[in-house]
Amino acid sequence: MVASRAVGSLSRFTASRMLRCPGYICRSFTRSSALLTRTHINYGVKGDVAVIRINSPNSKVNTLGQEVHSEFIEVMNEVWSSNQIRSAVLISSKPGCFIAGADLNMLTACTTSQEVTQISQEAQRMFEKVEKSTKPIVAAINGSCLGGGLELAISCQYRIATKDKKTVLGSPEVLLGILPGAGGTQRLPKMVGVPAAFDMMLTGRGIRADRAKKMGLVDQLVEPLGPGIKPPEERTIEYLEEVAITFAKGLADKKISPKRDKGLVEKLTSYAMSIPFVRQQIYKKVEEKVRKQTKGLYPAPLKIIDVVKTGIEQGSDAGYLSESQKFGELAMTKESKALMGLYRGQTLCKKNKFGAPQKEVKQLAILGAGLMGAGIAQVSVDKGLQTILKDATLAALGRGQQQVFRGLNDKVKKKALTSFERDTFFSNLTGQLDYQGFEKADMVIEAVFEDLSLKHKVLKEVEAVIPDHCVFASNTSALPINEIAAVSKRPEKVIGMHYFSPVDKMQLLEIITTQKTSKDTTASAVEVGLKQGKVIIVVKDGPGFYTTRCLAPMMSEVIRILQEGVGPKKLDSLTTSFGFPVGAATLVDEVGVDVAKHVAENLGNVFGERFAGGSLEVLKGMISKGFLGRKSGKGFYIYQEGVKNKNLNSDVDSILASLKMPSQPDVSSDEDIQYRLVTRFVNEAVLCLQEGVLATPTEGDIGAVFGLGFPPSLGGPFRFVDLYGAQKIVDRLRKYEAAYGKQFTPCQLLVDHASSPNKKFYQ
Amino acid sequence: MWTIFKVFIEFVNNTASVLCFCVFFCPRGMWDRSSLTGIQPAPPALEAVQAKSKQTLAKPNMRNIVVVDGVRTPFLLSGTSYKDLMPHDLARAALSGLLHRTSVPKDVVDYIIFGTVIQEVKTSNVAREAALGAGFSDRTPAHTVTMACISSNQAMTTAVGLIASGQCDVVVAGGVELMSDVPIRHSRKMRKMMLDLSKAKTLGQRLSLISQFRLNFLSPELPAVAEFSTNETMGHSADRLAAAFAISRLEQDEYALRSHSLAKKAQGEGLLSDVVPFKVPGKDTVTQDNGIRPSSLEQMAKLKPAFIKPYGTVTAANSSFLTDGASAVLILAEEKALAMGYKPKAYLRDFVYVSQDPKDQLLLGPTYATPKVLEKAGLTMNDIDAFEFHEAFSGQILANLKAMDSDWFAQNYMGRKAKVGSPPLEKFNIWGGSLSLGHPFGATGCRLVMATANRLQKEGGQYGLVAACAAGGQGHAMIVEAYPK
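Quick mapping for you: the protein sequence lines, in order, are chains A and B.
FYI, UniProt numbering numbers position 396 of the first sequence as 396, with every residue one higher than the one before it.
FYI, UniProt numbering numbers position 391 of the second sequence as 391, with every residue one higher than the one before it.
If you're looking for bench data, these hints aren't it; they were derived computationally from the structure.
Quantities reported herein were computed from a predicted structural model and do not represent experimental measurements.
For glycine and all other residues, C-beta sits at the position ideal for the given N, C-alpha and C.
Check each hint, because a few of them may be wrong.
What the hints assert, rightly or not - In silico negatives: residues of chain A with every beta carbon more than 10 Å from chain B:
no. : residue
1   : Tyr271
2   : Ser274
3   : Val361
4   : Gly384
5   : Asn428
6   : Ile623
7   : Asp666
To be verified - So the derived label-pair ranges between C-beta atoms look like this:
no. : chain 1 : residue 1 : chain 2 : residue 2 : range
8   : A       : Glu78     : B       : Ser53     : 56 to 66 Å
9   : A       : Asp317    : B       : Pro220    : 55 to 65 Å
10  : B       : Ser165    : A       : Asp423    : 32 to 42 Å
11  : A       : Gly533    : B       : Pro310    : 30 to 40 Å
12  : A       : Leu371    : B       : Thr202    : 43 to 53 Å
13  : A       : Thr418    : B       : Phe213    : 22 to 32 Å
14  : A       : Thr393    : B       : Ala164    : 43 to 53 Å
15  : B       : Phe213    : A       : Glu461    : 47 to 57 Å
16  : A       : Ala356    : B       : Asn412    : 18 to 28 Å
In isolation and in its complexed conformation, chain B is listed as follows (with noise of 0.2 Å):
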């Protein structure tokens, strides 16, 4: 009896723990204007005047490989809308919304590449499954990667390989994740016992093998919300390294509500243009992102600590919550881009992955990966016009901030001369950031890399920078350059 007892404690503690990335801080309508006017974006076309270290990264004798353009689905919270979906069938509407918005012709598509992290086990290559529901030519071959926070990123750099390699032509890269249904196993004794069922012969064997059977085989097995080297979740090593660079819990707030400040601006004002509306089965159709939801700091204070607890400093309001969306993005050599009469809008540069201590250095993907992306190109922090960043947590952003701020830690921990220096706040992912719109995990590097893209074209900036860390101390950062009006 205990057992069974201690079996559903775990269970509810698993969910809970699981759960808790997705309570929210404020009911809805909490939203005040007035927390709005202290952030602006930075004003369009100032910067793109400024001289650039490079006039354009072409270089000689390769494949300029371009994005005509990219899609999402709204991202919305887990157990919202889209909660009776599976996963391909979110990727499908992002592929469907791809195909809608560029008109590319599904047979002139030579590859499909999804990124997705929690796989549905049903359909393990989700990109395949839903390229064949999206109406994609069965000729289209389609695989899926996996990369944790960067698998769609790594989906587009896959792309940008073919291409490059002149593999391929037109590529479409995306990623899908459903949080609001994880594939939950029966236990390994359970599932063991189950497959030697299934080869018994006799009734004694079976017998015999159902007399082994104990109630604690029913114990289910969660996805892993930890890190599998370190058995730390994400929010907690995040809480250590807010700590450790010293970032108070008023910072990581305020940082929060920059972000749902800056992405219901935006929403507002029509910027979020990768969003395509989407007709759920059943539903009405969602048009928008809902996890967006400015609070008060006052309202933010009031939570209390969701991993260190009682006194750590990452709560519920500044971690990004767990989000159900899919992306796609239509990649080609530029040429053939031409030749089919689109007008891209933004090239696909450099691109690093970069990798380092999962336990204590589990979220500085970006600061490992900006500087030496930027060397790659030959650009300078003052060349870029557009920082994308993955927002994970309020803490882990700020100390990316500070560790890309910090000789110091640049000379002991990276081996170099010195810091990078940090990314103006003007110019950094001010149209909100995933701890506002949303993290479908496989899906937030297309976002990413749209929202770059679009930025540059409306801002008419020239260089972007996109970066993202990832469980396993990965990380990543791609140089976006505006497509030449």
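Just chain A, same shape as in the assembly (with noise of 0.2 Å):
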């Protein structure tokens, strides 16, 4: 009796649970209609809820293209007609994106502003609609959402993202030399107040998602799931749309405001925008700081803030006719195809085109705990690679395990890392002044000083602990990896992987191949690089490989133009205002007098006189007074600790002085003392393809630019080449090799070029 009553109460408790189940399992999803003929997105209807999808085939990110824009109308055209639905969830079906932008290849293929315009205005009058949207829509964020991505959640009426370290929320369209043309100007000042917007808009920099809902970019947050009844990744997407649903439903039933409570700061800031002298201020001081930083080279930030005034000031009509307008100008513009290259090829050299490696390299060996060895380390740990440093002293092991440490502790500082994980990837490096455990090492990359004999007796001390199957990898900027691989009992398994420095702020990575280098080695190279998050070249071996060799012909030129009288300030200025990040006698003081003078000799040697200009011993009298550039305290400039203005050594003046060529007045101004710079790397760069050291101009583009500075305007020197026309860099070329000599003789393909105008390195 008992027995029957406690399984009967069971059931029932059991029963209970199933009927007043509130979601998930019990509700039914009515598919609409027209599901089969769409691709990019689908909608189902859950209880008066409207579960809209993206989701493009074969990609892993969703985009916002011409199929997807269309149909987005038609769903939401039926949403919005639709008796049965109250409200809308708009969410993506991908794990780690919901829209990643708009299709670039849809801008790129427009040839007039006129088109790019008009596809803004088709994009603005869209989401102008789904503003204005009755029925309150959700965008329910997981992973990235960006540029027209981010454009179409804030035109939502709510917004609700996974706090995921995946989930960046931004609009980096300046990025690209663009500017958000999807009401994104004018939306989001509104939503986060001017200033944040600009600072969003005009550094294009990635909001991450506690930080978004801080600003108010965000709603809601909702916590990444571990496993459960389904893979985390998947059950975190249902989870994110089951509590996209709830508040989609509270919003139709005005039970949850759609209006955020502001804080004070917030709505002193607010208030404070609303006087226009103020407003004024701003404008005038945001363009300030633009102007100083893009130095004019970028149109795009200044039509941004152009186009936010016009909103604000002339209201929304003025603001979106403003802003299609200038985002057709701006698609138009070289600096944003210069831009879009370099993104796209930045995509390219994240791919590694030499397939899967036979074996995954998990232990990796560092020799030298230098800056550059210790940098290798820091990028390696924090992805998981076990890694040993060794040195030769323990204080210099010591120097490199405290960088390697500051190095995670700042992005602790930075909340990038919580302290945990710091301890855990710090725990991944193993700190060593001997060979022990080498015997696991699946890569071996030796930082250690740039002499060959040196590198040469590191190799056989390290070939004779390591097993077979060991890839040695040396990073140097110069020294040729044939002659290091010389004294190696099995060259198959040498690579050079060069690293820039600093290695965890410097994306390139510059990997070069011998003839003996087998594919499987230069796979696994590549597939470490890629885990390090480093963007990759692959280059033939060769004196000073890619980068270097461009580089050197460049800093040569800039030897000269100081010995014939313009100061190290003034060239500086002439470089950065072209578009280098960092000025000419600068860069020399960074990378370092004594290394400048190791490869300029090298060089110089082999290539003999296309690599002259400047005398040698401009550098080789620094050298002798101690002045090595920064790490000395003194190069160009004088360096100290806390200094923040350097200001000239003038002891250099008196090597200058001693060694003063004439300087020759009609190639002397200051845009042809630029062109001497620039052509004399373009002409290297293009001498490298030639030459087949380059696979590809792409690669050549993304070196120049992620390795050595090249300005990003210019897109890189083949880039440069076809929107710049190799026509007018050859006829500069002839003009300087009048002047000075064979080292401004353009290459043979740059010539090729130059004679068939419809020849371009990116068709």
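With the hints as a guide, bring both chains together as one complex.
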């Protein structure tokens, strides 16, 4: 009797649970009739909430293109006209991506600014409808929500985002030389305030979810889930959808208000922004700052300011109009073509075209705990690579370990890591003075001093202890890899991995293969580089490889120009105003005068007069006085700890004076000086392609911009030739050749491009 | 001025998050008898006749280890009758109760082990202080262990180890937690200044140190409510866990209601025989747990989520509350117990400790531990007559039940071929659990073991399974075998 009662009660317990189950299990999911005809967007109705799912086929990300646009309009019209539907949730079915932005191909396919303006206006109209929708629409954001994706999200009535590291909101259009062209310039300032909107649109920086919540960019956060009834990512999206549905209902029932309570600071800012004088001051300040930073080389930021201003001062209609027009204009600029080219190149250089290596590298060993060695260690340990850092002395090793720790700890301070993650990552690092554990290494990267005999010594030592499959990579900036590999028992396993300093900041990795390097070794090196978060170019071995070789003739010209009496400060300002992020004289100091001399000497011997220009004596003179650049405290400038404004090192003047060369007035205008530097760079880069050191122009552009700071606004040497015109460059080179000699002789490939205007590096 | 204000806010916030455990959901007397009729415990003696995989878990050449008896103080909501006590006072009460219950001669006890989580710094080895105060021989050594919510399980298994290895014959294991008072420290900066001051020799040195003082030095440091590795509070993690297993708010509330209803019934029927009255100095004698308060689903539904706001599902009503309490058990080698004339209640058999990801699987300890301990003992789920699982949160229990019942989870996360299956609810925590009886972190383990032993005795079952999760992503399970009558 008791037993039956117990059973009965239990079944009741279960039954009630089933019946009153509040959502996902019991709800019927009516599918829309037109489901099968659409490829990117479909929707279903849960109760009275339409769940609109974006999932572009055969792509890792969703982008806003023509097809998506028209399907979205279709779906929204159905949602708006249906009596059953009272609210909607907009969500992506792709893990890690809401909408990554507009489809760039759609923009690049346009030939006139009018076409682009029209695309912008169509999007504006659509998003305005979304904004004015009487049925509340909730954007459920998991993963990247960028550009057009963000513009769509901020048109919705409510935003819910997962608090995941992958969830990033931002307006990166400026980085592509354009502006948010779908109402973003008008809505964002209203949503987060003018200063924050400027910050987002002018820097293009991505905002993490928790910060977005604080800024008012999203209304609710959803925590990512761990494993449960399904894999974490899948269930997290489902959960996000469930939560979004409750909020959509709440909004439709007016139980939840889409308005956000503003904090005191926010209220004060918005009050201040209501005073015209304050607004004018802000525009002025921002504009000044932008002009100073872009040096007038990038038109997009100024136009963004202009469009925002128009919207606020003259009303949204004028704002939208201005936005679409400026959007069209910008899309046609050389700058945006250059920047979009770089963006594409960067995406290409983040793929491993050599396929997966036979054996995944899990145990890494780095020789030399100097700036480079420790830097390589830092970008490895936080990707989960077990890393041995070896040096010869405890002091050097300790310095290197401290550098790794500081790098990780800085991320903790910026809240990009937790202190616990820092500790776990740091425990991936083993510091040691001997070769213990090298028998388990899958890859050894040597970053010892740039001296061939030393490199030979460590190569032999290492080969005595490492297993057969282990790759030996040399981090050298100029020593040819085949010379290093000459003493190797297994040259097919030797490769060059040229990192750039500071390793944790510089995105580029130049991988150098010799004739003997096996494909699997290359695949392995690329795999490790990609894991380390690098953008990778793979080049053939040769003196100076690609990057150093391009830089050397330009550096030679730098010395020549200094010898001709142009001061380092003037030279710096000429180069930075051309678009180089670092002035040419400062660059010598940063690289190190001794390194520059070493490279110039080596390459000068190989390449002869093409690398002529300035005299090596300048560098030698500086070295003899101990002016090695930043690392020694003195170079062309004097560097002091804690002093920001560096002063000229007047002691260099006497060296330059004693080696003074006559300047030639007809090739020494400011513009000529700039072009003397750039054309030598470009000429050498094109020669590298001609000689097969480079496989593709894309890699040449990426290497030059990400490794050497070639002006991004020009898109790299090859893009520059395409956009500026090969003929014009050849003309300049001929002019300088007449004045200086063979170092300016244009290479054959460049001449070919000049003689047939249809020839382009990028078709 | 702004800093002081911030400090104040921070303090209030932190305190609030500690307190939200204690916010209780219904006033006294809301208990509604009708809601209880739905749930009845399983009938006794039915399952015991069922054939077992093994007659007994005794192993050749291994000492049998038995629990003679165990007691606990009533578990009280923090901030009630125990609020002026210190942890060792409570622990002493449990020890005295055990002495009284078992009449064990004090000098026979070889060793004493206690578990605790939030340590009172004055009595960091609370086992020793309590034992001395309870009148145990000063020749009986004692130590304190900590392993979050399975601290007293660790105390008991340590005792098992000492006896099994022949080091001891008679060990008292227990646990204590007093959440009414927690050590709140000065800030690190303040502590540093105070320590430096104590070393300063001259007036000048002292003055220069004092001149470094800033008001924000005064902001206090509270004991962590969050997991150190992930900085996530347990309630927050429980809410995410419930969501990961798609467990609704209603299911959680229903489970909490079940726990409270069953506990109330067990209390009413006098089944919670491990509770010993405690005369609190200066206050009335406490005779029973005071956290058992069945409410109605309607009342519970009104509560706001406590952790993931505003849409989470874990509330004060479906979480265990901050509790004060202590427990102790007497563990002996079987032959010693028999020689001393005891009739033991149960054998302590195989046990396991497990650990997993402290972020996403923080509270899944029982899921991992259960199949492992069953395998170790050579038993199956069907052999178990009494399950006693620690209930940290309704959502946590339900998630564990679902995880144990999922082949997908077993295969993808536990490296097992198939699921172990979820325990039948009619054998599961039928005298209430931590949600209703309370959860003094360090003391819950002994309560679970005694509840299992007492249930086996009462219901006539043979095998019981104790399982619990703990902070740090750890877990524990142990098989308890009834001592034959």
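We went through each hint and held it up to the structure:
1. Distance check on Tyr271/A: its Cβ is at least 20 Å (rounded) from any Cβ of chain B, clearing the 10 Å threshold; non-interface status holds.
2. Residue placement check: Ser274/A keeps its beta carbon more than 10 Å from all beta carbons of chain B (closest about 26 Å).
3. The beta carbon of Val361/A sits about 25 Å from the closest Cβ of chain B, which is more than 10 Å, so the claim that it is off the interface holds.
4. Every C-beta of chain B lies more than 10 Å from that of Gly384/A, the closest at about 15 Å, which supports listing it as non-interface.
5. The beta carbon of Asn428/A is kept farther than 10 Å from every beta carbon of chain B, the shortest such distance being approximately 16 Å.
6. Against chain B, the non-interface label of Ile623/A holds: every CB pair exceeds 10 Å, the least being about 46 Å.
7. Chain B leaves Asp666/A outside its interface by the beta-carbon criterion, the shortest separation being 64 Å against a cut-off of 10 Å.
8. At roughly 60 Å, the beta carbons of Glu78/A and Ser53/B sit within the given window of 56 to 66 Å.
9. Checked against the given bound of 55 to 65 Å, the beta carbons of Asp317/A and Pro220/B, roughly 56 Å apart, stay inside it.
10. For the hinted restraint 32 to 42 Å between Ser165/B and Asp423/A, the CB-CB distance of approximately 35 Å keeps it satisfied.
11. For Gly533/A and Pro310/B, the hinted distance range of 30 to 40 Å is satisfied, since their beta carbons lie about 37 Å from each other.
12. At about 44 Å, the CB distance of Leu371/A to Thr202/B agrees with the hint of 43 to 53 Å.
13. Our hint of 22 to 32 Å for Thr418/A and Phe213/B holds, since their Cβ atoms are close to 30 Å apart.
14. Taken as a hint, the range 43 to 53 Å holds for the pair Thr393/A and Ala164/B, whose Cβ atoms sit roughly 52 Å apart.
15. For Phe213/B paired with Glu461/A, a C-beta distance near 56 Å keeps the hint of 47 to 57 Å intact.
16. The hinted range of 18 to 28 Å is satisfied by Ala356/A and Asn412/B, whose Cβ atoms lie roughly 23 Å apart.
Going through the hint list in order, the structure satisfies each hint without exception.
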